[in-house]
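J.: Sequence:
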Amino acid sequence: MKLIRFGEAGKEKPGVLIDEKRFDVSAIVSDYNEAFFEENGLEKLKKALESNSSLPEVDASVRLGSPVARPSKIICIGLNYVDHCRETNAPIPTEPIIFFKSTTSLCGPNDDLIIPKNSQKTDWEIELAFVVGKKASYVEEAEALDYVAGYALLNDYSEREFQIERGGQWTKGKGCDTFAPLGPFLATQDEIADVNNIPMWLTVNGKTFQNSNTSNLVFKIPFLVHYLSQFMTLLPGDIISTGTPPGVGLGIKPEPLYLKAGDVVELGMDGLGSSKQLAVPYTK
Numbered sequence: 052m053k054l055i056r057f058g059e060a061g062k063e064k065p066g067v068l069i070d071e072k073r074f075d076v077s078a079i080v081s082d083y084n085e086a087f088f089e090e091n092g093l094e095k096l097k098k099a100l101e102s103n104s105s106l107p108e109v110d111a112s113v114r115l116g117s118p119v120a121r122p123s124k125i126i127c128i129g130l131n132y133v134d135h136c137r138e139t140n141a142p143i144p145t146e147p148i149i150f151f152k153s154t155t156s157l158c159g160p161n162d163d164l165i166i167p168k169n170s171q172k173t174d175w176e177i178e179l180a181f182v183v184g185k186k187a188s189y190v191e192e193a194e195a196l197d198y199v200a201g202y203a204l205l206n207d208y209s210e211r212e213f214q215i216e217r218g219g220q221w222t223k224g225k226g227c228d229t230f231a232p233l234g235p236f237l238a239t240q241d242e243i244a245d246v247n248n249i250p251m252w253l254t255v256n257g258k259t260f261q262n263s264n265t266s267n268l269v270f271k272i273p274f275l276v277h278y279l280s281q282f283m284t285l286l287p288g289d290i291i292s293t294g295t296p297p298g299v300g301l302g303i304k305p306e307p308l309y310l311k312a313g314d315v316v317e318l319g320m321d322g323l324g325s326s327k328q329l330a331v332p333y334t335k
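Numbered per this note's numbering, the sequence shown finishes at 335, counting up by one with no gaps.
Since the hints were derived computationally from the structure, they do not count as laboratory data. By construction, the Cβ of each residue, glycine as well, lies at the ideal position given by its N, Cα and C atoms. Among the hints, erroneous ones may be present.
Said to hold, decoys possible - Label-pair ranges, simulated between beta-carbon atoms: (1) 274 to 94: 17 to 27 Å; (2) 97 to 137: 16 to 26 Å; (3) 241 to 274: 20 to 30 Å; (4) 218 to 248: 30 to 40 Å; (5) 104 to 242: 35 to 45 Å; (6) 163 to 223: 18 to 28 Å; (7) 104 to 256: 38 to 48 Å.
Stated by the list, open to error - With a Cα cut of at most 27 Å, we get these calculated DSS-like pairs of lysine-lysine: (8) 327 to 304; (9) 304 to 335; (10) 327 to 258; (11) 72 to 62; (12) 185 to 168; (13) 311 to 168; (14) 327 to 124; (15) 223 to 311; (16) 327 to 223; (17) 172 to 258; (18) 95 to 72; (19) 98 to 62; (20) 271 to 311; (21) 172 to 98; (22) 311 to 327; (23) 168 to 327; (24) 124 to 271; (25) 124 to 72; (26) 97 to 168; (27) 64 to 124; (28) 304 to 258.
Could you build the full structure based on these sequences and the hints that come with them?
T.: Given below as structure tokens:
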């Protein structure tokens with residue numbers, strides 16, 4: 052299945068994507084949230100869809116929100132592609148680097164990117180994200196995929212000055228509003244033939260900057276589920292973003308390139324769709 056949420060920001064309804072058409076399933080489930088995943092919602096929804104052929108269709112012009120309602124946490128993995136470590140002059144980690152994005156950074160796949168107040172170094176990062184399907188604590192790596200609900204496209208926007216130059220943890224450069232556009236949809240595991248071989252790309256104003264494949268991940272999803280669950284309980288609906296490949300603005304030579312108002316970022320992954328964000332200035 053491919054799960055979507057649609058409608059005005061903050062008032063999204065759950066839906067599904069079938070043969071590129073959108074359908075409203077709000078009469079079947081209330082939302083794609085922690086309770087939905089915890090109560091075996093994916094299997095229940097699948098069975099309901101098999102017996103219901105008259106779902107209301109949703110117009111393609113309606114805004115898409117994040118395919119997952121605000122989770123308990125968004126966990127990210129840093130420096131998880133060898134070439135990205137090299138372009139940023141960082142050592143290849145021997146254990147996953149963990150940081151968090153605020154849940155308020157989560158937004159729809161095609162919502163505007165709001166460049167933070169006083170930002171000069173807002174950067175892009177295409178990433179494969181996965182969503183936790185059931186409560187996970189001290190999970191064995193061999194069983195880890197049993198805890199994955201599905202996969203989605205995520206752009207891990209980062210303000211590099213906030214992140215690197217102002218001390219403290221990375222989180223301050225990662226959690227700004229609109230810094231985690233997710234989707235367009237959440238694809239359940241059966242929709243993806245090989246999660247370790249997904250081509251991925253990102254462009255800025257039509258120019259390709261990132262062009263890679265999930266085969267280049269240092270730490271793959273089963274290990275990440277296992278590893279993270281040693282340090283914290285993962286709850287249903289939690290979003291885990293697995294890291295970005297080379298081609299971020301920070302790594303461009305001879306001078307880094309950062310986003311400014313009016314820039315357009317587009318990104319996509321085979322089987323997980325594409326998204327597009329227009330950079331706009333902070334105005335409040």
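J.: Each hint should be assessed against the structure and marked as holding or not.
T.: Outcome of the hint check:
A beta carbon spacing of about 26 Å between residue 274 and residue 94 agrees with the range 17 to 27 Å that was offered as a hint. Taking the beta carbon of each, residue 97 and residue 137 are about 43 Å apart, not inside 16 to 26 Å as hinted. The hint said 20 to 30 Å for the Cβ distance between residue 241 and residue 274, and at roughly 21 Å that hint holds. The beta-carbon spacing between residue 218 and residue 248, approximately 39 Å, falls within the hinted interval of 30 to 40 Å.
The hinted range of 35 to 45 Å is not satisfied by residue 104 and residue 242, whose Cβ atoms lie roughly 20 Å apart. In this structure the supplied range 18 to 28 Å holds for residue 163 paired with residue 223, their Cβ-Cβ distance being about 21 Å. Separation of residue 104 from residue 256 is about 43 Å and conforms to the stated range, judged on CB atoms against 38 to 48 Å. Annotation: proposed proximity of residue 327 to residue 304 holds, straight-line Cα distance about 25 Å (limit 27 Å).
For the given pair, residue 304 sits about 34 Å from residue 335 by alpha-carbon distance, which is inconsistent with the 27 Å threshold. Distance hint between residue 327 and residue 258 is fulfilled; the C-alpha atoms sit about 14 Å from each other, no more than 27 Å. For the suggested pair residue 72 and residue 62, the alpha carbons sit about 21 Å apart, so the restraint of at most 27 Å is met. For the given pair, residue 185 sits about 37 Å from residue 168 by alpha-carbon distance, which is inconsistent with the 27 Å threshold.
Our distance criterion of 27 Å between C-alpha atoms is met by residue 311 and residue 168, whose separation comes to about 12 Å. A threshold of 27 Å between alpha carbons decides the hint, and for residue 327 with residue 124 the separation of about 24 Å falls inside it, so the pair holds. Taking the CA atoms of residue 223 and residue 311, the gap is about 19 Å. The hint holds against a cut of 27 Å. Simply put, residue 327 and residue 223 have alpha-carbon atoms about 24 Å apart, close enough for the 27 Å limit, and the pair holds.
Under the criterion of a C-alpha separation no larger than 27 Å, the hint pairing residue 172 with residue 258 is consistent with the structure, at around 19 Å. For the suggested pair residue 95 and residue 72, the alpha carbons sit about 21 Å apart, so the restraint of at most 27 Å is met. For the suggested pair residue 98 and residue 62, the alpha carbons sit about 26 Å apart, so the restraint of at most 27 Å is met. Simply put, residue 271 and residue 311 have alpha-carbon atoms about 33 Å apart, too far for the 27 Å limit, and the pair is violated.
With a CA separation close to 47 Å, the supplied pair residue 172 and residue 98 exceeds the 27 Å bound. Note on residue 311 and residue 327: the hinted pairing holds, with a Cα-Cα distance of about 15 Å set against a maximum of 27 Å. Proximity of residue 168 to residue 327 is assessed by CA-CA distance (about 22 Å); at most 27 Å being required, the pair is judged to hold. Restraint check: the Cα-Cα separation between residue 124 and residue 271 comes to about 20 Å, which is no more than 27 Å; the hinted pair holds.
Taking the CA atoms of residue 124 and residue 72, the gap is near 30 Å; set against the 27 Å cutoff, the hint is violated. The suggested pairing of residue 97 with residue 168 is violated, with an alpha-carbon distance near 44 Å, which exceeds 27 Å. Only pairs whose Cα atoms come within 27 Å are accepted, and residue 64 paired with residue 124 is accepted, the gap being roughly 21 Å. For the hint linking residue 304 to residue 258, the alpha-carbon distance of about 15 Å falls within 27 Å, and the restraint holds.
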